[in-house]
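Asker: Below, each chain spelled out in residue letters.
Protein chains: 2
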Amino acid sequence: MNSIKDIALKAKVSTGTVDRVIHNRPGVSEKTKKKILKIIKESNYTVNTVASLLASKKTYTIATLLPKTKESSDFWETPKQGIEKAFIEIKDLGFKIKIFEFDQFNSDSYVSAFKEMVNSEPNAVLIAPTFKMETLKNISLLEDKEIPYVFINTETEGLNNISFIGQKSKQAGFLAGKLLNWVLPKKSEVLIVEIRKNISNYTAINNRIEGFKDFFQHSEKAINIKRISIHNIEDQETINLQLKEYLNQHPTIKGIFVPSSKVSIIAKSIIDIKREDLELGGFDSISENIKYLKNGIVDFLISQKAEQQGYDGIKLLFNYLINKKAPVKNYYLPIEIVLKENVDYL
Amino acid sequence: MNSIKDIALKAKVSTGTVDRVIHNRPGVSEKTKKKILKIIKESNYTVNTVASLLASKKTYTIATLLPKTKESSDFWETPKQGIEKAFIEIKDLGFKIKIFEFDQFNSDSYVSAFKEMVNSEPNAVLIAPTFKMETLKNISLLEDKEIPYVFINTETEGLNNISFIGQKSKQAGFLAGKLLNWVLPKKSEVLIVEIRKNISNYTAINNRIEGFKDFFQHSEKAINIKRISIHNIEDQETINLQLKEYLNQHPTIKGIFVPSSKVSIIAKSIIDIKREDLELGGFDSISENIKYLKNGIVDFLISQKAEQQGYDGIKLLFNYLINKKAPVKNYYLPIEIVLKENVDYL
DNA sequence: ACACCTTTCGTGTACGAACACGAAATTACA
DNA sequence: TGTAATTTCGTGTTCGTACACGAAAGGTGT
Numbered sequence: 005m006n007s008i009k010d011i012a013l014k015a016k017v018s019t020g021t022v023d024r025v026i027h028n029r030p031g032v033s034e035k036t037k038k039k040i041l042k043i044i045k046e047s048n049y050t051v052n053t054v055a056s057l058l059a060s061k062k063t064y065t066i067a068t069l070l071p072k073t074k075e076s077s078d079f080w081e082t083p084k085q086g087i088e089k090a091f092i093e094i095k096d097l098g099f100k101i102k103i104f105e106f107d108q109f110n111s112d113s114y115v116s117a118f119k120e121m122v123n124s125e126p127n128a129v130l131i132a133p134t135f136k137m138e139t140l141k142n143i144s145l146l147e148d149k150e151i152p153y154v155f156i157n158t159e160t161e162g163l164n165n166i167s168f169i170g171q172k173s174k175q176a177g178f179l180a181g182k183l184l185n186w187v188l189p190k191k192s193e194v195l196i197v198e199i200r201k202n203i204s205n206y207t208a209i210n211n212r213i214e215g216f217k218d219f220f221q222h223s224e225k226a227i228n229i230k231r232i233s234i235h236n237i238e239d240q241e242t243i244n245l246q247l248k249e250y251l252n253q254h255p256t257i258k259g260i261f262v263p264s265s266k267v268s269i270i271a272k273s274i275i276d277i278k279r280e281d282l283e284l285g286g287f288d289s290i291s292e293n294i295k296y297l298k299n300g301i302v303d304f305l306i307s308q309k310a311e312q313q314g315y316d317g318i319k320l321l322f323n324y325l326i327n328k329k330a331p332v333k334n335y336y337l338p339i340e341i342v343l344k345e346n347v348d349y350l
Numbered sequence: 005m006n007s008i009k010d011i012a013l014k015a016k017v018s019t020g021t022v023d024r025v026i027h028n029r030p031g032v033s034e035k036t037k038k039k040i041l042k043i044i045k046e047s048n049y050t051v052n053t054v055a056s057l058l059a060s061k062k063t064y065t066i067a068t069l070l071p072k073t074k075e076s077s078d079f080w081e082t083p084k085q086g087i088e089k090a091f092i093e094i095k096d097l098g099f100k101i102k103i104f105e106f107d108q109f110n111s112d113s114y115v116s117a118f119k120e121m122v123n124s125e126p127n128a129v130l131i132a133p134t135f136k137m138e139t140l141k142n143i144s145l146l147e148d149k150e151i152p153y154v155f156i157n158t159e160t161e162g163l164n165n166i167s168f169i170g171q172k173s174k175q176a177g178f179l180a181g182k183l184l185n186w187v188l189p190k191k192s193e194v195l196i197v198e199i200r201k202n203i204s205n206y207t208a209i210n211n212r213i214e215g216f217k218d219f220f221q222h223s224e225k226a227i228n229i230k231r232i233s234i235h236n237i238e239d240q241e242t243i244n245l246q247l248k249e250y251l252n253q254h255p256t257i258k259g260i261f262v263p264s265s266k267v268s269i270i271a272k273s274i275i276d277i278k279r280e281d282l283e284l285g286g287f288d289s290i291s292e293n294i295k296y297l298k299n300g301i302v303d304f305l306i307s308q309k310a311e312q313q314g315y316d317g318i319k320l321l322f323n324y325l326i327n328k329k330a331p332v333k334n335y336y337l338p339i340e341i342v343l344k345e346n347v348d349y350l
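Which chain is which? The protein sequence lines are A and B, in order. At position 26 of the first sequence (counting the first as 1) the number is 30 in the numbering used here, and the numbers step up by one without a gap. At position 122 of the second sequence (counting the first as 1) the number is 126 in the numbering used here, and the numbers step up by one without a gap.
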């Protein structure tokens, strides 16, 4: 392998001089600089990242700002696993990760965690910007300190994030339309059930609904779409009643679309009110949902590849800090279809 | 961070002794060894891979043995991209990759490339064992030299490969059955079209067919399944005739399943003989197939995540060589459903 | 008590790159 | 020409680990 020593030898200068040229630091005459650069190119030498990182005892800290999780089946557990996996790969290269968390139903806690994170002076940050307004209001704290940031999961436009990693929500909704359409008998109506607890992530959910409707508008069999909203997700009884009544009033409804990860709640309801004939689709392959996918109540799930969001997010920041290579602005992850038949192989 | 020096200090020995304990080398008394191990555990110290790799100027060579590719749209291009990506990540850690190739329709070339590969004395190898017999016959060459090997893409049982990375073919066929069933009208027949050029990979293809049939055997609407074989893939005219005639004789056939990546050939045929009403499904999201997916001739593809096969394969060997950590024997990759609606987001 | 061997462990150097330090070369100006 | 200021660049140390070498301690036999 080609080392800085070889280059120095060939150029008849010391390693120090080569080092200065490589890092574009002053103290080298134009002439020697040119000569060295030429030799570097000819012997196509590249700096050995490993040795470099070892020598410059620089350590980088990446901060993450994600919703707190209570149970292990929580959606946000999954990106965290991806973050952990990425961390293991890069910790020996002098990288640290500092975790900041907030209550996803409380915007104040988001803001205070955000500020705390900024004050810890990380080299880069990974944010799940579930609160749009609060993000817009506070993003300057990061920009003033020139801390690069990437967003995951929630697309927030018009900001200088170096990248967004997540799903194209509208297209995901569109796909959900196609899938539900496949499994539905002709001349049915479909029902969109919104679970309103999760107000924080409304952008993605609205985009999914928009895409979903879009599909049926351009489909030959113009299926009619209804929409209801459910609020108190703790109270299964009320949900059952509300759903049962609505379905009785609209007997042509043969399929339900839940544009969020809360599809398991509706699945439970469907069993309770004995309407297993309904087709049901939703989002996110979390364990609670997979249970109902496997027993056939849920027909399909669309996965957002949550683990990869975390993993790729950290890896991307790692590459950015090491090579200063700017990634693509919109890093869309696969819109993955999860069925009973492939759920065990993900 | 915790370094070997800190451990030595705490144990009141030199770094050399700690080093001996870590690498389980002789020359340390039972007593000191225990003491050091205890301290290591207590301060949860782990060796710094970076420094370790730097110091032991060991360089590892991983050899790959894959089919040669002619066009950039070839299936085998994709795993190669994954290998390249993995290589970039690990080259600074002293890893080299040596590529060996063979003609996938010529078993002799496989054997000779195999031998050449073994003679290059790599530290580990990644093989696409498309020729089963020849693999069985020659695998001892690797085992005699104690060179660890992983298989990708083609599952070959009964050998001491440290891992297989690829798809559960039978389950993938099963899923294909489900998808075709979804899009088919009731009381149709389906046709399996085998493309017999690719004899080399027959295990996977047979498994897919088996899984596919399985699905329909256990489905309520017991759909009848026919099967034909096509040989000379260069001659589109003959294929068109053969297909047209067969379909005329069996007018209830409404869907076609191609258990290989050659589905684009049938798609072309379908257009030529004006039978766009047929539903069509196949394997692998290579560019040729995607074209027909997008214009609606192909209804679905099942992707084997070919790039990931290469990437994960190399990464797995990397981890194995570094940490001697044995991976899972069967590393099944996602069985991914690719539709017109999500093909742009993979 | 002496020579000799074995076990145990400490020291020193190397890996490739980063960077502080200061030596040497060049230029500026009186 | 002498002196100071400035530019240019080589040396030495450091990062955390690996490993060769050999010193010290302990044991055995005569």
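Don't read these hints as lab results, they were simulated from the structure. There may be inaccurate statements among the hints.
One copy or any two copies: either way a pair holds, since identical chains are not told apart in the list.
[To be verified] 27 angstroms max Cα-Cα, derived DSSO-like pairs, lysine-lysine:
no.	residue 1	residue 2
1	K100	K9
2	K217	K62
3	K9	K230
4	K100	K45
5	K119	K100
6	K136	K319
7	K136	K14
8	K278	K72
9	K39	K190
10	K14	K62
11	K35	K136
12	K141	K190
13	K149	K42
14	K182	K136
15	K230	K141
16	K84	K295
17	K329	K95
Asker: Hints numbered earlier in the text: which of these fail when held up against the supplied structure?
Answerer: Hint check: 2, 3, 7, 8, 9, 11, 12, 13, 14, 15 fail, others pass.
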